[in-house]
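Protein chains in written order, with this note's numbering: chain A, 1 to 244; chain B, 1001 to 1268.
To be clear, the hints were calculated from the coordinates, so they are not data collected in a lab. Ideal Cβ placement from N, Cα and C applies to all residues, glycine included. Don't take each hint at face value.
Claimed, not checked - Label pairs and their in silico Cβ distance ranges:
| id | chain 1 | residue 1 | chain 2 | residue 2 | range |
| --- | --- | --- | --- | --- | --- |
| 1 | A | Gly95 | B | Gly1171 | 34 to 44 Å |
| 2 | B | Trp1260 | A | Met77 | 18 to 28 Å |
| 3 | A | Gly95 | B | Leu1257 | 32 to 42 Å |
| 4 | B | Leu1137 | A | Thr25 | 52 to 62 Å |
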Amino acid sequence: MTEPVVSLEDAGLRYGETHVLHDLTFSMSEGDIVTVIGPNGAGKTSLIKLILGIEKPSSGSVRQRAGTRVGYVPQRMTLQPTLPLTVRRFLGLAGGDGRAIEGALARTGVAQLADESVHHLSGGEFQRVLLARAILRRPQLLILDEPAQGLDVNGQSALYELIQSLRDELDCAVLTVSHDLHVVMASTDTVLCLNGHICCRGQPEQISQDPAFTQLFGEHLANTLAVYHHHHNHSHDVHGDTVP
Amino acid sequence: MIDLILNDFFWRAMAGGLMVALVAGPLGCFVVWRRMAYFGDTLAHSALLGIALGTAFQTNLNLSIVLVCVLLAVILMLLSRQQSLASDTLLGILSHSSLAIGLVVLGMMQDFSIDLTGYLFGDLLAINQKDLLWIALGGAFILMLTIWLWRGLLMITIHEELAAVEGHRTGLLRLALMLMLSLVIATAMKIVGVLLITALLIIPAAAARPLAATPERMAMIASVLGMGSVVAGMTLSWHMDTPAGPSVVVAAFGFFLVLWVIRARSPA
Chain A
1 MTEPVVSLED AGLRYGETHV LHDLTFSMSE GDIVTVIGPN GAGKTSLIKL
51 ILGIEKPSSG SVRQRAGTRV GYVPQRMTLQ PTLPLTVRRF LGLAGGDGRA
101 IEGALARTGV AQLADESVHH LSGGEFQRVL LARAILRRPQ LLILDEPAQG
151 LDVNGQSALY ELIQSLRDEL DCAVLTVSHD LHVVMASTDT VLCLNGHICC
201 RGQPEQISQD PAFTQLFGEH LANTLAVYHH HHNHSHDVHG DTVP
Chain B
1001 MIDLILNDFF WRAMAGGLMV ALVAGPLGCF VVWRRMAYFG DTLAHSALLG
1051 IALGTAFQTN LNLSIVLVCV LLAVILMLLS RQQSLASDTL LGILSHSSLA
1101 IGLVVLGMMQ DFSIDLTGYL FGDLLAINQK DLLWIALGGA FILMLTIWLW
1151 RGLLMITIHE ELAAVEGHRT GLLRLALMLM LSLVIATAMK IVGVLLITAL
1201 LIIPAAAARP LAATPERMAM IASVLGMGSV VAGMTLSWHM DTPAGPSVVV
1251 AAFGFFLVLW VIRARSPA
């Protein structure tokens, strides 16, 4: 059996006296899609920092397979308006040549934005530019922090559909973090429900029945967990509008 | 005109000014992008402390300026990790304290008859051949380092964590940027003086912003505008007998005003 792309064993993170995360154990291999959900302050962003290696665990271990290429789509990037930057140059900083950049942008459906200033993009457009930048590195591990934030339901499902097909294409492990319970990718293998520790885990259909899950989010909210399924009769453009 | 060029000290001043402006362009962009204007001021003020200490211990002034600037940069970097004081308060304390300590130390050594105005506002026309060599060497070093580290510096400016994930050594890059700023401030001091150095860094960069679509272009345009300001300011200084350093800054400000007025009048 091959070594997982990333594995956590009893990993914990502490800032001073505050335990942000504790006793996290899970691993991901190529092709896995894991969705982490949890309320605000559950430590979702800290978990991402642990996996990315930006933070070192204060207990336990976080191990990335040696030489793993990581693609990262950060949450809500604030760009300095004083820094002029075109989409093409932004991707170029990740180290791709012209053709690779065009290809990545086309793959995420934003090829027409290549020469646009990053300051003129909408939230949804910028998410796709960030995604294009991440896949430019041909990642084995793709990490997305609240990728669907600020998108409407159609935009969200279009984005999730895209992420799924990118997973199929690149055969990478995908870790998505979300505070939004309403839409979880259907092809998610595992939902991790996080609140300092892993409260419960399971397939999306199962987890909404889990008492720990209901307790964390409240009965009403927990019942709204919707599993997003593919609709192959149409697709969506950047804005979530249906295109035949 | 020929007279103007043949005057040796004027030619030296022009060459020194052009070299500093060339290097200050890209670094000034980082100061603007990363909102480090106040940080630049603080480093510049500490340069006066460097002069005072260098004079007191009779060491090479350029060396003591660089050392004090670098030391202050490192102290600032360490102190900024604590949360109890806002960073602008911290900068204000260090900036004005180092300026005041520098002035007090210089005051205690009255017999050395130091030209304080020269240090505060620059003494471009007094640049000697050794100064020019120092500027050329320091400038070439900073420029090469800027080009070498360009992509990493840009990435930590755009998104620190993304940069870290992509393998950039973010802590080292931040330190390198501070060291380069310290060096450029130490070399630029002769040209515009302690109180006006930040102007030479940020005004050409800010003026270049509306003309540029990529960071590289902005850096190059900032260099060109800075060099233009040196030529225009020195010409003004020659003909009107105005102080050289402030004249250069006034010229830069002129470029800035003109470019932003043109920009405001033409819809993007």
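Okay, the hints, checked on the actual structure:
{"no.": "1", "hint": "A:Gly95 <-> B:Gly1171: 34 to 44 Å", "result": "21 Å, violated"}
{"no.": "2", "hint": "B:Trp1260 <-> A:Met77: 18 to 28 Å", "result": "27 Å, holds"}
{"no.": "3", "hint": "A:Gly95 <-> B:Leu1257: 32 to 42 Å", "result": "39 Å, holds"}
{"no.": "4", "hint": "B:Leu1137 <-> A:Thr25: 52 to 62 Å", "result": "56 Å, holds"}
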